[in-house]
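*Asks:* The chain contents come next:
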Amino acid sequence: MNEITIKNTGQIISTETIDGDIATLNLGPTHPATHGIFQNILKVDGERILSAEPTIGYIHRAFEKLAERRPYNQITPITDRLNYCSSPINNIGWHMTVEKLAGIEVPKRVDYMRVIVMELARIADHLVCNSVIGVDTGALTGFTYMFQEREKIYELYEEICGARLTTNVGRIGGFERDFSASFHAKLNKFLEEFPVNFEEFDRLLTRNRIFMDRVIGAGPIKPERALEYSFSGPNLRAAGVDYDVRVMNPYSSYQDFDFDIPVGKDGDTYDRFVVRQEEIRQSVKIIRQALEKMPSGDFHANVPEFYLPPKEEVYRSMESLIYHFKIVMGETAIPAGEVYHAVEGGNGELGYYLVSDGGRTPYRLHFRRPCFIYYQAYPEMIVDSVLSDAILTMSSMNIIAGELDA
Amino acid sequence: MDSALFLEKLILIVVILAITLVMALYFTFGERKIAAFFQDRLGPNRVGPFGLLQPFADGGKLLFKEEIIPKNAEKWLFILGPGIAMIVATITSAVIPWGTSLPIFGRDVQLQVADVNIGVLYIMGIVSIGVYGIMIGGWASNNKYSLYGAIRASAQMISYELSMGLALIAVVMMSGTLSLREMVEQQVGLNWNVWYQPLGFILFLTCALAECNRAPFDLAECETELIGGYHVEYSSMKLGFYLFSEYINMFISSAVMACVYFGGYNFPGMHLISDPMILGIAQVAVMFAKIFFFVFLFMWIRWTLPRFRYDQLMRLGWKAMIPLALLNMLATGAVSLFNSQGF
Amino acid sequence: MLQNLPIPFLVLSFLTILSALYVVTSKNPVHSVLALIFTFFTISAHYVLLNAQFLAVVNLIVYAGAIMVLFLFVLMLLNLSKESEPVKSNWWGIAAAISAGSLLLIITAAFQVSGEAVAKNPVEGIGLVKALGKVLFTRFVVPFELTGILFLAAMVGAVLLGKREKAVDALISKEESNG
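Protein chains in written order, with the numbering used here: chain A, 1 to 406; chain B, 1 to 343; chain C, 1 to 179.
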């Protein structure tokens, strides 16, 4: 027997190149490095990985099917639970999709507010990813530093919407309330303190010799291959393709802001780390600009059929009561049609493909989940590397189980 | 051997063992407090004042946890593993001189269990068999992750023992003795070996980190890849033994480093103290201060640096450490030859 | 005769022989190796009884600490099980018994001939480092240095063997890609 065929993938391994026995190693479903629940069945020769079979579906919650039974505004909480590291982006992306289908124009102020919230979410997402790369290389300290910063971002979410992790932020048409004075105070404090602490974290890892030795060359992917897999977001940019939805297909007035798109070279773990680090700096820059240029105006579009009226109005005016009832009961009419809207999510192009037949619920809703795509490339990226690199590759691609399984 | 000496040694052994265990207990507490300090946290502070009773709570918890021996594990080896780890960790302290002597009940009690003339070799011997606890435990668990941990640990230990030995040989060549006591006695005041052997000390420190399985060399347990490595299947006090032995090893290697490179119990102005009682106590205190410094250093390194990958670890061990250690040895030999004979 | 020997010696000898027997009889290779390690320990203890502390510790460092770790390492990697073990015919066992028996005969004969010379202790404290070093670097300096050269040759050989395998591999893959 000179060849071994791996079940499912059909990959053929020649035994002549192998020193010892081939062992099967279950990486997951409950392994501390999987950061969620998913499994990899590895065939290993010593520590060298010969093949990998990814398994998904451990936390599949049938969101796309659920969405077919839910009115539009009730789908927002579902989107929270996709990439739970950056739920506000998911929420706002969904709101924008519905606005696109219903043809709602939101005021400039809402765009800017959304940009601030989304960039905060991006920072939180990238912080989780990068600090966890540190943890997976064994450097735990940076993780605690950055989680304190993430905590501050969660406090900012709390100021906006009252929630922290599953934010359910905003509404179709805008925000439920304007940014409060205390939010501005906290945000200003954050913008002042965060870059300092962040640079400290950066100094702890980015030029650390051991860290660099560990991550450089771990789990590389070629730009062509990444594009073939339809990679997006930081993982694609790390491979050297300057694709960013915020620039290529601007939404929410991203064209108003001046920011750079960092691009890597080799597509390895180090590039992904550095790209995310730089994106965090750019996000801070965007937030500063948005705060500076924030136009005055209303914090929501004037769309009574989608936007809940204030509670006092419900008690006083007939129209408000009717709209309130219709929205809460999910009886809002939406034009038939289909629409695709994508936002630059925490780790890639997060797309919403929405088909409406004019009913109270979507006819079909598909989430284009970047993690799902990355995970398909994962076996290819780790074959022929060692176990330690495989772990780093997984954490640097920031595969979130919630988004992977949906 | 008269019975009084026997009794004296017995009491000394018990005292040193007790101190070692208490130290290990409080190093777990210290580790958590220091980690908390580095990570901007508070650390354990619930049990007792400043959380000082935390290690006892931890120990009690470990004792009363359910003991699980996996069905397909090799039962006796599975039990033997942590035992070996613990025994090997504790017996090293036998040759360490904690101080010169203390006058107790009219006897001049030497503060060292056994002043063997091959102290350094004894330590090397114990260190070299220290890996068996991990290997046996990892293999007997019948778990792939723990087997990986065991294999990693054994390869790492063999590789780093070599440069550790070579680094020590340079010191032995310089001092001309294998006895730790004599070695310490030569380093009067601030005349420490580290000034003559800086490279040797750095090599030894690195090897000590590797031998204790401490970050950045903690590949054997490496929680993010191997979950817990060799002790993944262990629970209750057997796990506690493994964790304890790591701290004891840290304590002992710090003591060895203090003795070999940093003058052991010597401190400047030691000859000014005439009362033997005060002198003995001061020496022990100085010795412990040095040990605490190294233990702190160990923890500092752990909470700052990432860990190596396996091949990088091997490359460092074989291609950087050993050549450097050989070079250090050669230079030491040349210099001592020159000093003794001239050209 | 046994009454004249010290008790520690008797206990140690008993343990040594018992564990040595277990090395041979154990079916599980890992158990064999562990028993062998234990045997080395007891032999080291014998050295201590003879006041040869240096030898005792060096025996531990070299055999128990390094060589047996490698043995165990390889055994763990191979993960030998009953199914994968090749079936050996009884002839092997008989051949091994005969050769081991002959070896035992020769050793006993040699001891018989040398007789009292072994028991004599020519140098005071021969087992201690200083005496040992003196003897090694004066009386036995040539054999000692020769052993050193032998070890160096063995080391170079091992490195070459390790390298050659890779070179051969590269050659094979080159031929494969060519043809």
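Source of the hints: derived by calculation from the structure; they are not laboratory data.
Even glycine gets a Cβ: it sits at the ideal position worked out from N, Cα and C.
Be careful, since some hints might not be right.
Covered stretches of chain B, going by a simulated chain C footprint (3 or more residues, C-beta under 8 Å) [what the hints assert, rightly or not]: (1) 93-106; (2) 111-119; (3) 122-128.
*Asks:* Given as covered by chain C, does the segment 93-106 of chain B meet the bar of three residues or more with CB within less than 8 Å?
*Replies:* violated (count 0)
*Asks:* Are three or more residues of the segment 111-119 of chain B within 8 Å, CB to CB, of chain C?
*Replies:* Since three or more residues must qualify, the claim that chain C covers the segment 111-119 of chain B holds, with 3 doing so at under 8 Å.
*Asks:* Go check the segment 122-128 of chain B versus chain C for me, would you? Three or more residues, Cβ under 8 Å, otherwise it fails.
*Replies:* holds (count 5)
The structure does not agree with numbered hint 1 stated previously, though it agrees with all others.
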